[in-house]
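Protein chains in written order, with the working numbering: chain W, 9 to 147; chain C, 9 to 147; chain V, 9 to 147; chain Z, 9 to 147.
FYI, nobody ran anything at the bench for these hints, they're computed from the structure.
Where hints are given, some of them may not hold.
[Unchecked claim] PhoX-like mimics (lysine-lysine), calculated; alpha carbons at most 20 Å apart, straight line:
1. C/K114 / V/K99
2. W/K114 / Z/K114
3. C/K99 / V/K133
4. W/K114 / Z/K99
5. C/K130 / V/K114
6. W/K130 / Z/K114
7. W/K15 / W/K99
8. C/K99 / C/K133
9. C/K114 / V/K133
10. W/K114 / Z/K130
11. W/K133 / Z/K114
12. V/K15 / C/K133
13. C/K114 / V/K130
14. C/K99 / C/K15
15. Z/K114 / W/K99
Protein chains: 4
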Amino acid sequence: MSLAMNKPELSAYLSQIFSQIINDFAIDALDMDGITMRLKVATRHLRPGGTVSGPSMFALADVAVYAMILSRLGPKALAVTTSSSMDFLRKPEGGSDIVARGRLLKLGRSLVVGDVLMFPAKGDKPLARATMTYSIPPN
Amino acid sequence: MSLAMNKPELSAYLSQIFSQIINDFAIDALDMDGITMRLKVATRHLRPGGTVSGPSMFALADVAVYAMILSRLGPKALAVTTSSSMDFLRKPEGGSDIVARGRLLKLGRSLVVGDVLMFPAKGDKPLARATMTYSIPPN
Amino acid sequence: MSLAMNKPELSAYLSQIFSQIINDFAIDALDMDGITMRLKVATRHLRPGGTVSGPSMFALADVAVYAMILSRLGPKALAVTTSSSMDFLRKPEGGSDIVARGRLLKLGRSLVVGDVLMFPAKGDKPLARATMTYSIPPN
Amino acid sequence: MSLAMNKPELSAYLSQIFSQIINDFAIDALDMDGITMRLKVATRHLRPGGTVSGPSMFALADVAVYAMILSRLGPKALAVTTSSSMDFLRKPEGGSDIVARGRLLKLGRSLVVGDVLMFPAKGDKPLARATMTYSIPPN
Numbered sequence: 009m010s011l012a013m014n015k016p017e018l019s020a021y022l023s024q025i026f027s028q029i030i031n032d033f034a035i036d037a038l039d040m041d042g043i044t045m046r047l048k049v050a051t052r053h054l055r056p057g058g059t060v061s062g063p064s065m066f067a068l069a070d071v072a073v074y075a076m077i078l079s080r081l082g083p084k085a086l087a088v089t090t091s092s093s094m095d096f097l098r099k100p101e102g103g104s105d106i107v108a109r110g111r112l113l114k115l116g117r118s119l120v121v122g123d124v125l126m127f128p129a130k131g132d133k134p135l136a137r138a139t140m141t142y143s144i145p146p147n
Numbered sequence: 009m010s011l012a013m014n015k016p017e018l019s020a021y022l023s024q025i026f027s028q029i030i031n032d033f034a035i036d037a038l039d040m041d042g043i044t045m046r047l048k049v050a051t052r053h054l055r056p057g058g059t060v061s062g063p064s065m066f067a068l069a070d071v072a073v074y075a076m077i078l079s080r081l082g083p084k085a086l087a088v089t090t091s092s093s094m095d096f097l098r099k100p101e102g103g104s105d106i107v108a109r110g111r112l113l114k115l116g117r118s119l120v121v122g123d124v125l126m127f128p129a130k131g132d133k134p135l136a137r138a139t140m141t142y143s144i145p146p147n
Numbered sequence: 009m010s011l012a013m014n015k016p017e018l019s020a021y022l023s024q025i026f027s028q029i030i031n032d033f034a035i036d037a038l039d040m041d042g043i044t045m046r047l048k049v050a051t052r053h054l055r056p057g058g059t060v061s062g063p064s065m066f067a068l069a070d071v072a073v074y075a076m077i078l079s080r081l082g083p084k085a086l087a088v089t090t091s092s093s094m095d096f097l098r099k100p101e102g103g104s105d106i107v108a109r110g111r112l113l114k115l116g117r118s119l120v121v122g123d124v125l126m127f128p129a130k131g132d133k134p135l136a137r138a139t140m141t142y143s144i145p146p147n
Numbered sequence: 009m010s011l012a013m014n015k016p017e018l019s020a021y022l023s024q025i026f027s028q029i030i031n032d033f034a035i036d037a038l039d040m041d042g043i044t045m046r047l048k049v050a051t052r053h054l055r056p057g058g059t060v061s062g063p064s065m066f067a068l069a070d071v072a073v074y075a076m077i078l079s080r081l082g083p084k085a086l087a088v089t090t091s092s093s094m095d096f097l098r099k100p101e102g103g104s105d106i107v108a109r110g111r112l113l114k115l116g117r118s119l120v121v122g123d124v125l126m127f128p129a130k131g132d133k134p135l136a137r138a139t140m141t142y143s144i145p146p147n
């Protein structure tokens, strides 16, 4: 199996379909082993006190797994998030981008499970982990 | 045990500390049994196709549980989300507000666990469920 | 919709297919609103110190949701657990049975989501909560 | 930081405190990066059809994370499971042991989060993933 969409193709496609939010994210790397997706942290992602908000971290994990699915199945793929689990491990400081490293644990015909670890842009202690499950509707 | 903050006190307090996001939410009801928190769905909460986004649902569940903690422990309470699990059950249509019904399953000294079911404003089939765990730092 | 199997039919069927473990469980109640399933706590379910083990609680939640699926879809139903989330809220004392109250949040064609709260047989403070997701293979 | 208990010390300690279940498990490897824990699959772990049961997989993930906590904090450590999330990815065949590879994502003063991937003894496609959270009671 190989990628159905490479990094520039996927970036262009996401910009087109997610025009509202795509300024928040950038794909740093993409291959068959997984994705590195960046949350470009701005004031709108912060909570009082300067931490990056939980919903922003959720959005990052969700889009990272969705992008991996598209990269494998191509732009026509339909996929909806059916469940997620997250653990918040350390306080994410607002002054730094957050980088998500995602991989697909399973790419089945009807279920896809992706695993994501999130780090500060310059740091190696994980801020959060997430597992996102997507359902692929029958054709 | 009784409420440390009632509905108007809590609404006022959330408006003050979460000025960025509080226009998104309203407390419909609050008592010792739990909370009913409303997501006032607007264009910024939608995904292409008109569904309410996953991060918006996450934010609703998170703020519902946080508000219950404040209602019990008062405005000085410190609490940080440590984990969450969510299941997305049905497609949330964008034309309707979403109503979260939350209750606290455990209010411990260091861990709080809250359970949330989310419904369309006019409907009784749940759209999503979430469990949010908060940690209370030692004083 | 009505039940495809009632309580005695389901109890008999579970005894037949799960002969190894069915001595551990009993159905206390079953209707369209949900199930009450009992873990008949014995020494083999205990950890040092006398608490009921986590795997025993997992098994109780899992069988409660599986039994609800069978009660709706009949004995021919195929269903496999695809994900679970659990929160352990209070220490379950070994001297008492544990009672699980389960309901189905979604009974879709390919995904079923069930929610379970577990209580001591005589007590109203929940010991644990669980959500179990089952996948129904395409026919 | 270094290990408070090495592999033989930890194996001996687990045999002593978990005499009921320790015949089910073996530590294959242990260092500061994590643990490899083996479920020695026997008939009692199987479901009808020959799959390894969900509760057995849960037990494996739980003991793997607990063992890592002991390896770091020593035999006096108190730790109780507070939450877990699991995803079952592929059918685990009963003829083969299951090997869990665990690592600690966070070892805090009051919360520990461990991540586990489970594989067939001879195979590189994951059967399941789990995250287990433990609470360390204040001294």
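Here is what the structure says about each hint:
1. C/K114 / V/K99: holds (12 Å)
2. W/K114 / Z/K114: Given that 20 Å is the threshold and the Cα spacing comes to 25 Å, the pair is violated.
3. C/K99 / V/K133: Violated. C/K99 to V/K133 sits at ~33 Å, over the 20 Å cutoff.
4. W/K114 / Z/K99: With Cα atoms ~12 Å apart, W/K114 and Z/K99 stay inside 20 Å; holds.
5. C/K130 / V/K114: holds (18 Å)
6. W/K130 / Z/K114: holds (18 Å)
7. W/K15 / W/K99: violated (30 Å)
8. C/K99 / C/K133: This hinted pair holds, its Cα atoms lying about 11 Å apart.
9. C/K114 / V/K133: holds (9 Å)
10. W/K114 / Z/K130: Within the cut-off at roughly 18 Å; holds.
11. W/K133 / Z/K114: Roughly 9 Å separates the two Cα atoms, so the pair holds.
12. V/K15 / C/K133: violated (25 Å)
13. C/K114 / V/K130: Judged against 20 Å, a Cα distance of about 18 Å means the pair holds.
14. C/K99 / C/K15: violated (30 Å)
15. Z/K114 / W/K99: holds (12 Å)
The structure shown violates the earlier hints numbered 2, 3, 7, 12, 14.
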